[in-house]
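Which chain is which? The protein sequence lines are A and B, in order.
With this note's numbering applied, the first sequence closes on residue 1235, and no number is skipped along the way.
With this note's numbering applied, the second sequence closes on residue 1235, and no number is skipped along the way.
Pairs of lysine-lysine residues, derived as DSSO-like cross-links and limited to a Cα-Cα distance of at most 27 Å, are as follows:
#	chain 1	residue 1	chain 2	residue 2
1	A	K1176	B	K1123
2	A	K1097	B	K1176
3	B	K1176	A	K1136
4	B	K1176	A	K1122
5	B	K1122	B	K1038
Keep in mind the hints are simulated off the structure, nothing from the lab.
Protein chains: 2
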Amino acid sequence: MKFDIAILGSGNVAWHLSAALETAGHEITEVYSRNLDHAKRITGRLYATEATDELDFSESKARVFIIAVADQAIADVADGIILPENSILVHTSGSMPLEILEYSSASYTGIFYPLQTFSKNRDLDFADVSILLESEDQETLKILKKLAASLTSPYYTVKSKDRKAVHVAAVFASNFTNHLIGIAEAIMNRQGLDMEMLKPLIIEQISKCLQIGARAAQTGPALREDFPTLEAHHQFLTYNEQLAEIYRLISQDILDAN
Amino acid sequence: MKFDIAILGSGNVAWHLSAALETAGHEITEVYSRNLDHAKRITGRLYATEATDELDFSESKARVFIIAVADQAIADVADGIILPENSILVHTSGSMPLEILEYSSASYTGIFYPLQTFSKNRDLDFADVSILLESEDQETLKILKKLAASLTSPYYTVKSKDRKAVHVAAVFASNFTNHLIGIAEAIMNRQGLDMEMLKPLIIEQISKCLQIGARAAQTGPALREDFPTLEAHHQFLTYNEQLAEIYRLISQDILDAN
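Isolated chain A, as found in the complex (with noise of 0.2 Å):
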């Protein structure tokens, strides 16, 4: 089932659903963006879809409404944008609620969050993204779903509140593990050291870790209650306080945990 789509904002998430959408077989109608030029960065790579910096949508033949905007933004397309009727308005943030787009003129309202990390340069198949889909509406959550099963994206129902502990798990599991291999880099550049000899330890962890779960792939000084060196590696870690507090708090909470 093919559906005529407009999407709403010009970063990356709307950069990378717009593709996706367009090759799963839908219409991208228009892209809106408040500078011309960004959407039409994104319409430049579309078949035929119309860029425009205007939210009066009374005339497109549009049914599902994609915001792809900062979560600051959202509330304002949700309220200024005018909708023809019987469409639907979902929002893609991790963080909002379903509640934002009450104000909307929207018929129907609902949730399509794809929980991944997007960057403009660089691929990303469908594939490999989760889609946490929301609405009160039955027959939303069924396009919903009919739009995530056509990006062949595992997709799942998740509710406002629940999504926002997804949001703060995701936060954990990725942007903090990003900052900790970073910091890893700092250490390793410091001493004037090869980054590459990590990659390979990195790689089987994480695979370990989704395999078996992180309890059962845990290893380390922390784990095994080695204190001389907890204690050696933060006192090689005193040339920056901060670094030091946080290899004592996770080696703590590591220790806690067991």
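Based on the hints, put chain B in the right spot on chain A.
Structure of chain B alone, referenced to chain A:
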């Protein structure tokens, strides 16, 4: 070039290393453990290796002796072992200096540190194990390089001081990232949510990080200085003060790094 090698220890490193060295064509002459049954668990998987609980190797035909015991036990093995002439004694620890072997009867000493997370019930290809080497004797270093190369492992010559830094970096990049994914698991479980939905995100984040570096791969509320979301997440985590503090501290470190 094939070597006769004795393995001193019966833990995960001894388990994986002995099998890999034998597969690479070397002869594992003996496996030592204080507990003979533990040694036999390993020799049972090997072609024709003697299990022993005695440290008298004066009659051994081995040339290379690899200590793979817990850090705290290395000095005991090194001080107690009786070695044949012209033997090379190495240990496999990330934290212990080369000097810990200086009171041994070995003619030459060195380090052969496989920088990897080992679990007994998980197969491991040594092509995916960085090996950190050290010796003050050039001929010994050459032999250790040949051993690492025979396992098809990438290897690096790293001094004890730098090896300690690598070990600290490895704790951040491997043990701590694993624990943070464990925290994510706990958040998901607490909410009755399926951890599967986070896995594509974790895989893409780590893959992007290893390809373009953590700094360029960083995303999330702290990086974009999204204080309302940081505050909402911190509020969400108040059920566990230590978690909330980990969230605050790593977010602060991301803010400071940018």
